[in-house]
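Q: All chains should be modelled from the sequences, with the hints used to inform the complete structure.
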Amino acid sequence: MGAILLLMTIGGSVIAAILMVISFLKGISWLRTFVLGGVAVWYSFYIIIFLTSSVFSEEKTLALNEPKSFCGFYFDCHLHTAVTNVRRAKTLGDKTASGEFYIVKVKVFSDAKREPLRLIGTEAKIIDAQKREYERDTEAEKFLGEQPAFEKQIAPTETFTKEIVFDIPADAKDPRLDLKDGYGIDHYIEAVLVGDEDSFFHKRTYFGLAEQTQTVSAK
Numbered sequence: 001m002g003a004i005l006l007l008m009t010i011g012g013s014v015i016a017a018i019l020m021v022i023s024f025l026k027g028i029s030w031l032r033t034f035v036l037g038g039v040a041v042w043y044s045f046y047i048i049i050f051l052t053s054s055v056f057s058e059e060k061t062l063a064l065n066e067p068k069s070f071c072g073f074y075f076d077c078h079l080h081t082a083v084t085n086v087r088r089a090k091t092l093g094d095k096t097a098s099g100e101f102y103i104v105k106v107k108v109f110s111d112a113k114r115e116p117l118r119l120i121g122t123e124a125k126i127i128d129a130q131k132r133e134y135e136r137d138t139e140a141e142k143f144l145g146e147q148p149a150f151e152k153q154i155a156p157t158e159t160f161t162k163e164i165v166f167d168i169p170a171d172a173k174d175p176r177l178d179l180k181d182g183y184g185i186d187h188y189i190e191a192v193l194v195g196d197e198d199s200f201f202h203k204r205t206y207f208g209l210a211e212q213t214q215t216v217s218a219k
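Heads up: the sequence shown is residues 1 to 219, going by my numbering.
Mixed in with the good hints, there may be bad ones.
[As the list claims (entries may be wrong)] Pairs of lysine to aspartate or glutamate residues, derived as EDC-like cross-links and limited to a Cα-Cα distance of at most 16 Å, are as follows:
1. 107 <-> 66
2. 125 <-> 174
3. 131 <-> 146
[Claimed, not checked] Derived DEER-like restraints, expressed as beta-carbon distance ranges:
4. 129 <-> 42: 34 to 44 Å
5. 25 <-> 131: 45 to 55 Å
6. 125 <-> 37: 18 to 28 Å
7. 93 <-> 118: 21 to 31 Å
8. 58 <-> 96: 35 to 45 Å
9. 195 <-> 153: 19 to 29 Å
Hints listed in this document are in silico derivations from the structure and should not be mistaken for laboratory results.
We put the beta carbon where it would ideally sit given N, CA and C, even for glycine.
A: Next up, the structure:
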């Protein structure tokens, strides 16, 4: 629905611009008034729907093995990710954590019927209860061995897993993983897309990391 509304807005704006040019060239004042009124009504409607969708959205925290969907080109949502396991360790190889390493196993899978798909520009970070953010520790990840890229293309029904690492302080409470994909123009479009998780003011869907977390000595 959000994509359709945005396409209607873009298409309507183009048509409105053409009609405005015609109204000036032909000196048709009533057409100019009609177009300006129509544009004002439509944009007011869009803004109201957009703000209502975002402001009243609800934050979600997914449990282990509970999937989150990612939508390609805003219409199909066949790509999914899920956190399947979380380990904690003080050391990885010869690297010692400032707090504690969270080793998060992420499963990426597709339920598309024909086309191969892939995530694009995937970003992963952990956010705690104090809204502090923690980026991936890519140096520590090297001790896990070779890992597939999040952007690996997968065929229909194909699955792969990837482990990512974060160095989390001991005082961090309720750490949750935030996964986001897309880059460049995608972010600008999604920022004003009705109902999109990445739109302004919209609440996000996180992966919970607390339950069934294992503390291990990883080497």
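Q: Look at each hint and say if it fits the structure.
A: So, going through the hints one by one against the coordinates:
Of the pairs offered as hints, the one joining residue 107 and residue 66 holds, with about 10 Å between alpha carbons and a cut-off of 16 Å not exceeded. A distance of roughly 14 Å separates the Cα atoms of residue 125 and residue 174; the hinted pair therefore holds under the 16 Å criterion. Pair hint residue 131 plus residue 146 does not hold up; C-alpha atoms about 31 Å apart against a cutoff of 16 Å. Here the CB-CB span from residue 129 to residue 42 is close to 41 Å, well matched to the stated 34 to 44 Å.
Take residue 25 and residue 131: their Cβ atoms lie about 54 Å apart, and the range 45 to 55 Å holds. Distance hint for residue 125 and residue 37: a CB-CB separation of about 45 Å, inconsistent with the stated range 18 to 28 Å. About 29 Å separates the C-beta atoms of residue 93 and residue 118, a value consistent with the hinted range of 21 to 31 Å. For the pair residue 58 and residue 96, the supplied restraint of 35 to 45 Å holds, since their beta-carbon distance comes to about 39 Å.
Taking the beta carbon of each, residue 195 and residue 153 are about 27 Å apart, inside 19 to 29 Å as hinted.
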